[in-house]
Amino acid sequence: MNIDIIFKIAAIGILVAVVNHVLIRAGRDEIAMLTTLTGVVIVLLMVVNLINDLFNSVRSIFRLY
Amino acid sequence: MFLKIASSVAIVVCCTLLGMHMSFRYKQRIYNIRVLQSILANLETEIVYYSTFLTQAIRNSIRTLNGDWKIFFMEVADILENKQEYSLDDAWNKSLNKIQKNPYIGKAELDIMYRFGLQLGSSDRQNQQKYFEIVQEQLKIEEENARQLHLRYGKMYRSLGLLLGLGIAIILF
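So the sequences go chain by chain: F and X. Counting in our numbering, the first sequence runs from 2 upward without gaps. Counting in our numbering, the second sequence runs from 1491 upward without gaps.
This is chain X alone, in the form it adopts within the complex:
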């Protein structure tokens, strides 16, 4: 009897944690988009006003921030500095491929960043500034989308986890 109760509790706890993890993904995605926005704002300042070299500009703009996009930008800077790839495009795409499977980053942001990578460093200052503005706008829309998804499905996954655990425990009891 004791074993039965203990295993049922274990099932319920595991399913609840799973549900919380699923709901955490939505929350973390919003956080990541916000961090990405600040990184890009910093990068814009570095490029448009300070005219720093790109690797140094990237390192300066991610210094105080956290999150999954920081890893991406560090990767880009590392690849360019170590001369594993010589063009920004290649370094950018290589790093994007690496974080593609990250569950806390949405496909839409990846797409936006992919297109942004094609344009980064390909024109003069005014144009670059324009691209930065476009990307910021797109990211704002994505943030709003992510927030709505979080409101809609975050709660659902949390309660579904608990209920599914209870269901399995009752059926097996």
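If we strip away everything but chain F, and leave its shape as in the complex, we get:
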């Protein structure tokens, strides 16, 4: 299990939070919203394979074929 991806996601989360804050302070709320969404999508793209693995493992453990 690769632990790096957790740190990566944490770093992206912190960055998105800071960008969000900066943009809201500058009065660009809609772009701040867009940034948050982009962050969520990027993180989802990173973890989608892992989620797939998780479901496959659950299926094979409980024999749900």
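No lab work stands behind these hints, which were simulated from the structure alone. The structure presented is a predicted model; accordingly, all values stated were derived computationally and were not measured. Built from N, CA and C at the ideal position, the CB exists for glycine as well. Hints are not guaranteed to be accurate.
[Stated by the list, open to error] Computed Cβ-Cβ distance ranges for the label pairs, DEER-style:
no., chain 1, residue 1, chain 2, residue 2, range
1, F, Leu-38, X, Glu-1571, 55 to 65 angstroms
2, F, Val-49, X, Leu-1662, 12 to 22 angstroms
3, F, Val-49, X, Arg-1642, 48 to 58 angstroms
4, F, Phe-63, X, His-1511, 51 to 61 angstroms
5, F, Val-49, X, Leu-1555, 25 to 35 angstroms
6, X, Asp-1601, F, Val-49, 47 to 57 angstroms
7, X, Arg-1642, F, Asp-54, 41 to 51 angstroms
8, X, Asp-1580, F, Ala-12, 52 to 62 angstroms
9, X, Val-1499, F, Asp-5, 35 to 45 angstroms
[As the list claims (entries may be wrong)] With a Cα cut of at most 35 angstroms, we get these calculated DSBU-like pairs of lysine-lysine:
no., chain 1, residue 1, chain 2, residue 2
10, X, Lys-1573, X, Lys-1597
11, X, Lys-1517, X, Lys-1597
12, X, Lys-1494, F, Lys-9
13, X, Lys-1573, X, Lys-1584
14, X, Lys-1630, X, Lys-1584
15, X, Lys-1645, F, Lys-9
Let chain F serve as the given structure and place chain X on it in line with the hints.
Here is chain X on its own, set in the frame of chain F:
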């Protein structure tokens, strides 16, 4: 590993510089408006009190100043002196078109100067003085606008550049 770190640093530095450049645009615009105000004040003196010829008046009023508007006024004086165009309107518009794409000059100033060019030299002294006063007032409002934009977005672009660079570096790492 070394290559990875080096390229990440390069990305962060480039994005930071880009952000600083974007924020510098706002600062430079304020400077340009101020220079334009001094140029016009000089020009007003030359026209209303000394009654110099326009090309000479323009050259006299930009002599000690810098900035992007100096280029515009030099262009106008050159065009008129070399007789590429014969009317002030044409020379003025030609030079305005040339500096239209300058990132350090706002659209509002261009508009003000365009309208001012139509009135320059079209009436007697008192009227000219009035036009100069109107333009100075409009420019003062634009300067205030530019200052507020700088306060609002200058800081934002600087921090956004750095953060965007960090984001790209982290995603690609």
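- request: Starting from the hint list further up, note which numbers the structure goes against and sort them upward.
  value: 3, 5 and 9
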